[in-house]
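When you get a sec, could you build the whole thing from the sequences and use the hints?
Residue-level listing of the chains:
2 protein chains.
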Amino acid sequence: MQIIHSIRALQDWRRHHQLKRGTIGFVPTLGALHEGHRSLLQQARKTNDSVVASIFVNPLQFGPSEDFHSYPRTLAADQAMCDQEGVDLLFIPKRNELYPTDFQTSVSVSLLTARWEGESRPQHFPGVTTIVTKLLILLQPDHAFFGQKDYQQFLVIKQLVKDLNLAMRIVGCPTIREADGLAFSSRNRYLTTGQRSEAARLYQTLRHGGQLIRQGQRQGRVIKKAIFTRLTRTTSGTIDYIGICNSRTLEPLATITGQVTLLGAIRFGKVRLIDNLRVRVPRGSDP
Amino acid sequence: MQIIHSIRALQDWRRHHQLKRGTIGFVPTLGALHEGHRSLLQQARKTNDSVVASIFVNPLQFGPSEDFHSYPRTLAADQAMCDQEGVDLLFIPKRNELYPTDFQTSVSVSLLTARWEGESRPQHFPGVTTIVTKLLILLQPDHAFFGQKDYQQFLVIKQLVKDLNLAMRIVGCPTIREADGLAFSSRNRYLTTGQRSEAARLYQTLRHGGQLIRQGQRQGRVIKKAIFTRLTRTTSGTIDYIGICNSRTLEPLATITGQVTLLGAIRFGKVRLIDNLRVRVPRGSDP
Chain H
1 MQIIHSIRAL QDWRRHHQLK RGTIGFVPTL GALHEGHRSL LQQARKTNDS VVASIFVNPL
61 QFGPSEDFHS YPRTLAADQA MCDQEGVDLL FIPKRNELYP TDFQTSVSVS LLTARWEGES
121 RPQHFPGVTT IVTKLLILLQ PDHAFFGQKD YQQFLVIKQL VKDLNLAMRI VGCPTIREAD
181 GLAFSSRNRY LTTGQRSEAA RLYQTLRHGG QLIRQGQRQG RVIKKAIFTR LTRTTSGTID
241 YIGICNSRTL EPLATITGQV TLLGAIRFGK VRLIDNLRVR VPRGSDP
Chain R
1 MQIIHSIRAL QDWRRHHQLK RGTIGFVPTL GALHEGHRSL LQQARKTNDS VVASIFVNPL
61 QFGPSEDFHS YPRTLAADQA MCDQEGVDLL FIPKRNELYP TDFQTSVSVS LLTARWEGES
121 RPQHFPGVTT IVTKLLILLQ PDHAFFGQKD YQQFLVIKQL VKDLNLAMRI VGCPTIREAD
181 GLAFSSRNRY LTTGQRSEAA RLYQTLRHGG QLIRQGQRQG RVIKKAIFTR LTRTTSGTID
241 YIGICNSRTL EPLATITGQV TLLGAIRFGK VRLIDNLRVR VPRGSDP
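For the record, the sequence lines run as chains H and R. Residues 1 to 287 in this note's numbering are what the first sequence spells out, letter by letter. Residues 1 to 287 in this note's numbering are what the second sequence spells out, letter by letter.
Keep in mind that the hints are not guaranteed to be accurate.
Each pair may be met inside one copy or between any two copies, as identical chains are not told apart.
As the list claims (entries may be wrong) - In silico DSBU-like cross-links for lysine-lysine, where the CA-CA straight-line distance does not exceed 30 Å:
# : residue 1 : residue 2
1 : K94       : K162
2 : K162      : K46
3 : K270      : K224
4 : K94       : K158
5 : K46       : K94
6 : K162      : K270
7 : K94       : K225
8 : K46       : K270
Hints listed in this document are in silico derivations from the structure and should not be mistaken for laboratory results.
In structure tokens, the structure reads:
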């Protein structure tokens, strides 16, 4: 596996690769790789001639009071996983090369970022869309892989790629979970034992909401309240938001219909976790 | 000359071209081509294997009270000029293909757009940087050509390309002028005869400012006032701004030093004209 640190070297690699005409699969990450990332790398490996991964803890997507400095850095283990999963090229850019002192360009997506993570973390999506645009322009992959645990991010990046005419496909991969349902996340390691045992309730409770829908409940308000109540009763966490929304636009649904996504964000101390569940309302039961 | 209207067809052309490995020179325009555009096309032709021009009156870069609807459309003449200047491909995209109804991504540049055109026309640069990013991603040219009459725009686009890691060179071409010094502009045709005879004063007066600098004047305030006074005395136009600024950052200079750019914007009725002049302060005379 080749490791590149400079943008110039990456562009040379990219240019050289173009002549080979093989496909490139790209997995951009913040490092601290876990089983979720592994599944992205495997999916990229299965469907492409070359696999590129990047590791960059992007300061732009963290708010001033957020965990940029404490975000886990586990480079040796990350490198080992990339090697193990057959990554051809690992790109580990330097911050001052991606963001020189006179850097002043921003890429933003409006409607899809207006709520949920975008509302709770106002700097987050402009930071994500700016770095992802840069990386996609640098790599020009055929496919780029994103985890659906960050479902809103996945939709935002699909929109960005469509709007900017980037000729590539954004592939959303299923969330990988621990036995009790907790989604793998780089931030899980910061949960205390007590918090860890409660953390899976987020997903379990979203599933309870899904069950209510399958049982015929069609009022978003009722489902949201049921999730809130159950989460509050069974965990010590602080709920940031619960959303029952259209899976394509992420707009909240008063009445459940079509493809529905349940979103949740909860804080345990300084650790903020998100998760989601997609529910297909059976056709016959639509109002 | 091939003419393409659809993005898909353009991407096919681009992909096919990649294998040929010749250089592409790109001249993006709003149409209503004049001698300034001709010089861009000629420069592109001289330095590249293939020349691509685009014509698109981009609604995003016009404010609600601006001249989007009255902006001149002269497609037949534009096409003739492109043919005459050896353009290989003319891209005339459709508005609803560049901006589908769910379009929601914006590219913006902050510091360089804070003043001058950016201040007078708040929607202008986000519109320009968004469409130019889309076109540069679609074409992936080796060189893209912009006129220096729009000097701030030229700097903004250079910054954008650097910040987004677009692997291409932005070439700024000298302003082409009528005999009396008026810069060619698509909007000149809307000047009345009386306004037309006054319009050249903008450039003439900027040159007067340049002369003051060469004569040793080092106070930005004094030069600006001299330009204002002369322009007010000799034209019926309304001055939008006069700027004496650093040629790289466009920040106003209290004391003249190094590479200086004089910027001006003036309105004659509904027609708004801009121009600029770069002045190199002789080294020996620096403070």
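Hints violated by the structure (listed by number, smallest first): 6, 7, 8
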